[in-house]
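Asker: This is what each chain is made of:
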Amino acid sequence: GNSVTQMEGPVTLSEEAFLTINCTYTATGYPSLFWYVQYPGEGLQLLLKATKADDKGSNKGFEATYRKETTSFHLEKGSVQVSDSAVYFCALSDEVGNEKLTFGTGTRLTIIP
Amino acid sequence: NAGVTQTPKFRILKIGQSMTLQCAQDMNHNYMYWYRQDPGMGLKLIYYSVGAGITDKGEVPNGYNVSRSTTEDFPLRLELAAPSQTSVYFCASSSYRNTEAFFGQGTRLTVV
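From first to last, the protein sequence lines stand for chains A and B. So in this note's numbering, spot 64 of the first sequence is number 64, and the numbers just go up one at a time. So in this note's numbering, spot 37 of the second sequence is number 1037, and the numbers just go up one at a time.
Looking at chain B on its own, in the form it has when it is part of the complex (with noise of 0.2 Å):
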């Protein structure tokens, strides 16, 4: 059972470099999020998506942008990194907002 699958697991950028954080279920779940979680905080989130073709704000969505072009994949996608970026990332998904979410294993990011 794959669950939910986060690509790349660790990444170095540079600062004011590009890049995708894939993020794909296979549950068949209409929400997924996007969180960070900084060293020693909780989680925060970024962007989320009830719905193939739907996606909303969440707490720190500056510097980040999503799509939700299938129900199955939601990439996070970051155009000029910046180092306040270095952070882990997690994806998750849910059925439904009071069901249980699940979890990816995260990407650590840094940005030098």
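Only chain A is shown next, with the shape it has when bound in the complex (with noise of 0.2 Å):
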């Protein structure tokens, strides 16, 4: 089945710190990717998409690359801000016989001025 996998956290960095999460996938036909964020006491919301191999989406500031030779798709920002602290999470949509979204586990990110 799919599966999608987070790097553990928390993570917490210092403003203008770079940041990269890491996500791999395991599908069985040729997923969707993306990257949702749930600010404290909100839903989900979503950061950014990527449909196909190659694809890069991005969000203000962050960016994400479907590799799909690695199964990945890594969330990365190059310089976080004290409202960039939430949890981030990385899920897949595959076009093959699923009707759902799988979600990691989430990753909380904290950062602090």
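Just so you know, these hints were derived from the structure itself, not from any lab. All values reported here derive from a predicted model rather than from experimental measurement. Built from N, CA and C at the ideal position, the CB exists for glycine as well. Please note that a few of the clues may not be correct.
Claimed, not checked - Straight-line distance between alpha carbons at most 27 Å, and here's what the computed DSSO-like set of lysine-lysine pairs gives:
#: 1; chain 1: A; residue 1: 68; chain 2: A; residue 2: 52
#: 2; chain 1: A; residue 1: 68; chain 2: B; residue 2: 1009
#: 3; chain 1: A; residue 1: 52; chain 2: B; residue 2: 1009
#: 4; chain 1: A; residue 1: 56; chain 2: A; residue 2: 68
Unchecked claim - Which chain A residues stay away from chain B? Per the calculated CB distances, all over 10 Å, these:
#: 5; residue: 7
#: 6; residue: 42
#: 7; residue: 43
#: 8; residue: 54
#: 9; residue: 58
#: 10; residue: 60
#: 11; residue: 76
#: 12; residue: 84
#: 13; residue: 93
#: 14; residue: 101
Build the complex from these two chains, which are given one at a time in their own frames, with help from the hints.
Answerer: Below, the structure written as structure tokens:
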């Protein structure tokens, strides 16, 4: 079956540091890949997505590249801000026979000034 | 823009009580989902629906029931609440399975 493995958290960084959150996946077909963000007390919001190999999703300074050869979709940001503190979820949606999103366990990110 | 609306936001239930978590979306999405999020954990799919009149079980359906009589509404029913059902419940919808899912703000349920 499908699965998503995310970097264990929590992650604590200083403001303006470089961020990487690792995500790898297992899927039967050719999935679409997503990063969702959950701010305290809120539901999940889509941060970025990529629908095919070598696509790069980007939003709010965050980027992730769909790497089929390594089955990865790592999230990066060059200079984090305190407002980026949240929980980040990697997810996939498989086009083959699967009607749902499969989520990773989430990575809690805290940015300190 | 309402998006996905969940009610209530908070609820405390006693063991053995029943309740319905409401979810409504105004985006004419075919796909709707119920997830639960336990502290420090990811999201686990309880039930999903690919259209009115069609529902199917997810990873953790035991203790829950759903119905989908309209495109807009997807209520989740807890028949006999147990402490293990203490969690935050999220409803979500999407137009198709490979497209963005929109989430409600969640219902925090405590069973005591």
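Asker: At 10 Å, judged by beta carbons, does residue 76 of chain A keep clear of chain B as stated?
Answerer: The assertion about residue 76 of chain A holds, with a minimum of 21 Å to chain B.
Asker: Take the C-alpha atoms of residue 68 of chain A and residue 1009 of chain B, compute the straight-line distance between them, and say whether it is at most 27 Å.
Answerer: 40 Å, violated
Asker: Residue 42 of chain A clear of chain B by more than 10 Å, beta carbon to beta carbon?
Answerer: It is violated; residue 42 of chain A is separated from chain B by about 6 Å at its closest Cβ, not greater than 10 Å.
Asker: Is residue 84 of chain A truly not at the interface, in the sense that its beta carbon sits beyond 10 Å from all beta carbons of chain B?
Answerer: At about 19 Å from chain B, residue 84 of chain A clears the 10 Å cut-off, so the statement holds.
Asker: Take a quick look at residue 54 of chain A and tell me if its Cβ sits farther than 10 Å from every Cβ on chain B, holds or violated.
Answerer: 17 Å, holds
Asker: Measuring Cβ to Cβ, find out whether residue 60 of chain A lies farther than 10 Å from everything in chain B.
Answerer: 15 Å, holds
Asker: Regarding the assertion that residue 43 of chain A does not contact chain B, is the least Cβ-Cβ distance greater than 10 Å?
Answerer: Since the minimum Cβ distance to chain B is about 4 Å, residue 43 of chain A lies within 10 Å and the statement is violated.
Asker: Far enough from chain B: is every CB of that chain over 10 Å from the CB of residue 101 of chain A?
Answerer: 6 Å, violated
Asker: Would the non-interface assignment of residue 58 of chain A survive a Cβ cutoff of 10 Å against chain B?
Answerer: Per Cβ check, residue 58 of chain A is outside 10 Å of chain B; nearest 15 Å; holds.
Asker: For the pair supplied as a hint, residue 68 of chain A and residue 52 of chain A, confirm whether the alpha-carbon distance does not exceed 27 Å.
Answerer: 8 Å, holds
Asker: Compare the distance between the alpha carbons of residue 52 of chain A and residue 1009 of chain B with 27 Å, and conclude whether the hinted pair is satisfied.
Answerer: 37 Å, violated
Asker: If we take the beta carbon of residue 7 of chain A, is the closest beta carbon in chain B still more than 10 Å away?
Answerer: For residue 7 of chain A, whose nearest Cβ neighbour in chain B is about 13 Å away, the distance exceeds 10 Å, so it holds.
In this structure, the hints that do not hold are numbers 2, 3, 6, 7, 13, 14, in rising order.
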